[in-house]
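Participant: Each chain is listed here by its residues.
Number of protein chains: 2
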Amino acid sequence: MATILVHVMPKPEILDPQGKAVGAALPRLGFDGISQVRQGKRFELTVDGEVTDEVLANVRKAAETLLSNPVIEDVVQVKVVREGGCGCGGHGHGAGKAEKDLLA
Amino acid sequence: MATILVHVMPKPEILDPQGKAVGAALPRLGFDGISQVRQGKRFELTVDGEVTDEVLANVRKAAETLLSNPVIEDVVQVKVVREGGCGCGGHGHGAGKAEKDLLA
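Chains C and B are the protein sequences, given in the same order. For the first sequence, our numbering gives the first residue as 1, with consecutive numbering after it. For the second sequence, our numbering gives the first residue as 1001, with consecutive numbering after it.
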């Protein structure tokens, strides 16, 4: 079992109302020093069995067609994490052993 | 100028309707081999000037109070990317020179 992370962001030229709203709220709530905020999506896909090239091609295609809207969003990262970890090192998730950043 | 990435995911025990909906759609659209999908948020915060400890503490606090809902979400990663890159290596974003994964 492996976890594949897919990160999707609004295209740089596209207006990002959510990011703008958060960016405007930060100074009001006392968080200074942050000049811009952009908000996107993070997906954790659990794949059963081995991550074959076919599975990877499948995930990349799904990322570009279903997990993102190619008109307004970019898939900025597809990252394979072996052995069940989610590759973020965060609490409760457990870091994967080998990570392979894979977008090309 | 630096970019700090903040990744937020629903707590594992919390129902993730968006992830479930995407997970159910994948096989219908011909994407097999993916047994579970969880959907969270990814933020790119642009910080002017040097990333000092104070700025980092500020970002961490903002991540845990404004960028996530601590009742149902976990901040799973706060990642500092130096010199303007967004640290994903994706097209159009440019990889940062030095990345520091920082959550502790």
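Any given hint could be a false lead.
Stated by the list, open to error - Once the Cα atoms are required to be at most 30 Å apart in a straight line, the calculated BS3-like pairs of lysine-lysine come out as:
| no. | chain 1 | residue 1 | chain 2 | residue 2 |
| --- | --- | --- | --- | --- |
| 1 | C | Lys-11 | B | Lys-1079 |
| 2 | B | Lys-1041 | C | Lys-61 |
| 3 | C | Lys-79 | B | Lys-1061 |
| 4 | C | Lys-61 | B | Lys-1061 |
| 5 | B | Lys-1041 | C | Lys-79 |
| 6 | C | Lys-79 | B | Lys-1079 |
No lab work stands behind these hints: they were computed from the structure. Computed from a prediction, not measured in an experiment: that's the story for all the values here.
Participant: Now tell me if each hint is right for this structure.
Facilitator: Here is what the structure says about each hint:
1. Lys-11(C) x Lys-1079(B): Distance ~21 Å between Lys-11(C) and Lys-1079(B) Cα, so the pair holds.
2. Lys-1041(B) x Lys-61(C): At roughly 20 Å apart (the allowed maximum being 30 Å), Lys-61(C) and Lys-1041(B) satisfy the hint.
3. Lys-79(C) x Lys-1061(B): Given that 30 Å is the threshold and the Cα spacing comes to 27 Å, the pair holds.
4. Lys-61(C) x Lys-1061(B): Given pair Lys-61(C), Lys-1061(B) is violated - Cα atoms ~36 Å apart, limit 30 Å.
5. Lys-1041(B) x Lys-79(C): At roughly 16 Å apart (the allowed maximum being 30 Å), Lys-79(C) and Lys-1041(B) satisfy the hint.
6. Lys-79(C) x Lys-1079(B): 15 Å, holds
The earlier numbered hint that this structure contradicts is number 4, and it is the only one.
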